[in-house]
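S.K.: For reference, the chains in residue letters:
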Amino acid sequence: MAKHHVTATVNGDEVEFLCETEETLLDVLRDGLNLTGSKEGCSSGDCGACSVTLDGRLVCSCLVLGCEVGGRRIETIEGMARGERLHPLQQKFLEHAALQCGICTPGFLVAAKALLERDPDPDETEVRYWLAGNLCRCTGYDKIIKAVMATAAEMRS
Amino acid sequence: MAETLTTARDLPQTYVGTRTVRPDGVDKVTGRARFGADFNLPGQLVGRVLRSPHAHARVVSIDTSKAEQLPGVKAVVTRADFADQPSEFIPAGEMMINYKDMVRNIMAREKVLYEGHPVAAVAATSTAVAKRAIKLIEVKYEVLPHVIDVVAAMKPDAPLLHDDLYTVGVEPKPDKPSNVAKRIEISQGDIEAGFAKADLIVEREFNTAAVHQGYIEPHAALASVSEDGSAEVWCTTQGHYIVRAHCARLLGLDIGKVRVTASEIGGGFGGKTVVYLEPLAVALSKKAKRPVKMVMSREEVFKCSGPTSGANVRVKLGATKSGQFVAAFAELKYQAGAFQGSPVQPGVMCAFAPYDIENVKVIGYDVVSNRPKVAAYRAPGAPISEFAVESVVDEIAKKLEIDPVELRLQNAAREGTKAAYGPKFGPIGLVDTLHAVEKTNHYTTPLEPWQGRGVASGFWFNIGGETCASLTVNEDGTVSLMAGTPDIGGLRASLAMVAADELGVPYEKVRPIIGDTGSLGFNFLTGGSRSTFSGSMAVVEAARQIKADLCRRAAKLWEMPVEQVTFENGHVKPVEGASGKGKPMSVADMAKLAGKTGGPIGGYGRINAQGAAPSFGTHLVDLEVDPETGRVTILRYTVAQDAGKAVHPSYVEGQFQGGAAQGIGWALNEEYVYGADGRLQNAGFLDYRMPVASDLPMIDAIIVEVPNPRHPYGVRGIGETPIVPPMAAIANAIEQATGVRFTELPMSPPKILKALRERGVNGRGNGKTHG
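Protein sequences, first through last, are from chains A and B. Everything in the first sequence is counted per the numbering used here, starting at 198 for the first residue and increasing by one. Everything in the second sequence is counted per the numbering used here, starting at 50 for the first residue and increasing by one.
Think of the hints as simulated: they come from the structure by calculation, not from any bench. All values derive from a computational prediction rather than experimental measurement. Glycine is no exception: its CB is placed at the ideal position from the N, C-alpha and C atoms. Hints are supplied without guarantee of correctness; some may be wrong.
[Stated by the list, open to error] Per label pair, the in silico range of CB-to-CB distance:
{"id": "1", "chain 1": "B", "residue 1": "Asp112", "chain 2": "A", "residue 2": "Glu213", "range": "42 to 48 Å"}
{"id": "2", "chain 1": "B", "residue 1": "Asp112", "chain 2": "A", "residue 2": "His202", "range": "37 to 43 Å"}
{"id": "3", "chain 1": "B", "residue 1": "Glu557", "chain 2": "A", "residue 2": "Ala329", "range": "35 to 41 Å"}
With the sequences and hints as input, model every part of the structure.
M.R.: Here it is, written out as structure tokens:
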């Protein structure tokens, strides 16, 4: 079967790509567009390492087909910093040592950004439940939660 | 060499002990960092593995002809492509490796020994072609009876995995092969006499399930082999020099011709100290003469890469009325998986290590069964035996009505205590961690009904070993640092801080990288909590060379004897009362003069790090049991552990917190579940339930610092001990909450509910609480 010809917006840039029906958005990002910041941890939507936003909604890109994203707006970890300025979440993750190995970090950042855009003042429980779809095996989540809470506080002030 | 390094302790420390931003941090928060699966080469092929669907079967024949004829298939490898290896044991991390077994584990030969055991691998131009090729390989199996459980595998009539495996460590040598690879025993004193003195003896049997390290990044490797036999490998590993050694050995290549680059590593916890894909990718690339990339699926990670042992453990502990432990006995039966080499040895050695007990005997069995070969997992072996011992210690405390922290303090190992496994301890921090926990308000906060509080301690040895690091002072005075052990969670930051303090340069001016295997001499892997301990010693050695060299250069410039020049606070300067004059010059000043004073400035630390010191920890947990569902909620958690010296306190806390979280998963939910067919039933994150953010509270971390006298900054390894105490701490808390002593891991909701129902508890109303 012929490949699908898809045009979409990724991190503000218009992109076009060809993909097989069974290829996921994650495959397209990583293998087709060389955006390897989104990680493949499970391919089943359980680990959240491939988190991106699709028209502003948080999704696991391993659960979205490449051929579904025509005309849609995708934001990945590569689009999070603005020029030389890190996003406040990125900065706080560094200051709070909210990462150890770093493989889950892009997914956590994308998910946390989606949370703060929805709710600028989440309590700890809300942060923990929002991020429950992102697995981290290194940190025990403590410093991640603190970094997100600290970012929210800073962005509100 | 270690002795000469201790002088550095007198230096002013400006960065060590502070919370710097890690040098590799920006790459990791922007998606720029390249992990195992992020490397690609022009012309690369996709490699995939055909794996056994059976738990145990003889491989009668493998026909790859149809796969080889499929357009787009460039190479197929099977057992025929790997030469057999002699049986010989070599150390690898905290485990031993036998190449005869390793060549069979990476590719099955006579038999498949577990579901997922590799049988063939293909390299093709696309994933789709590789998948089709795998389906075209015809394997004829003669299915054999299998055995999964460790106790069942020890029975005389159990299905036999290896007909040449005779139990080592028993006299006389057995005349029949069995699944018991080894019996080991340590003892001191006389346990019979010891138990005779006991007023109270508690004896319990425990069972623990196999659990996976659960790193989020699956194994990945990219290999490129040239026509002249030189090979390059990029892979995610805890030790690229170990990958090089294994690939060279298994493929018959010269070590010097194999260059391995470690990618950023997305978690390992011991599970990336061994090879799975790397030799297959090299073999395929060697055949195809094109680069081959291989990445495991999550299902493959669970089925084919090392979990740690499940085990059966019996513990017997005797105490006097006043609480003094007088005799201890344990018998450990550890699953090794398909090939021998479970961590039962460290399990035996660690079992009673936190306590000063005169009479101790521990026996261990290393047992093979039809499961994937176990790999190291954070303090391999220790969490299992110490779970059992710390549960029994708690029971003794309750029976004698002694506070559990006080009972531990009464019996705790201290400086000078002779451990049952051999050595006399130097300065250690167990007592300090117990006092630290006792002093928290956590320890005295009142509990509600159905809530319980548990405490447990833990121990791990830590290791040193072969380590290299280089420091180069660049023309502008910045410093390039190269280390040879993968940075799994803050190593670059720690080493850069040490280098900055040693040379008196700003931390931001030190750029640390992890070199490939061609850049430095042999480095043992990141494991055994060794990389910061050993790496910083190598950095100190490299810095010492630079400082001595700068003194020589300054002496020449100032025309005075080198003995009259010293390096202090980042500057070369004449000693007081020197014969000539010289204005103090910084490392950056000297860098500008490098061309005139002898050329490039650098130091190269090549050490076999000695003097690793153990780290003890004590954990305190509050939890609540829901009597209607059996679910356990962790309410509050405190870790206190001896770090010797915390180079970067945030990453030390992170190790404490992460280890505790893994232990919580081990205690409450994680387990390998097998069907009657010998196949793994939960090979995915949905069914293999690791803790998520909403399962956990904040984890308070208390860093205790009892300096290690054998390290220039007092550092101890800290990464592994944190996973040792959680299981017992949680079991002890559940006992307090419910009155039920759980001896089987995981303590998952169905088991707790069943135990409560058996005691007539049917909800909140009629429960007995001990809070």
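S.K.: Each hint should be assessed against the structure and marked as holding or not.
M.R.: Here's how the hints hold up against the structure:
1. Checking the proposed 42 to 48 Å range against Asp112 (chain B) and Glu213 (chain A) shows it holds: the Cβ atoms sit about 43 Å from each other.
2. The given range of 37 to 43 Å is respected by Asp112 (chain B) and His202 (chain A), whose C-beta atoms sit roughly 40 Å from each other.
3. For Glu557 (chain B) and Ala329 (chain A), the hinted distance range of 35 to 41 Å is satisfied, since their beta carbons lie about 36 Å from each other.
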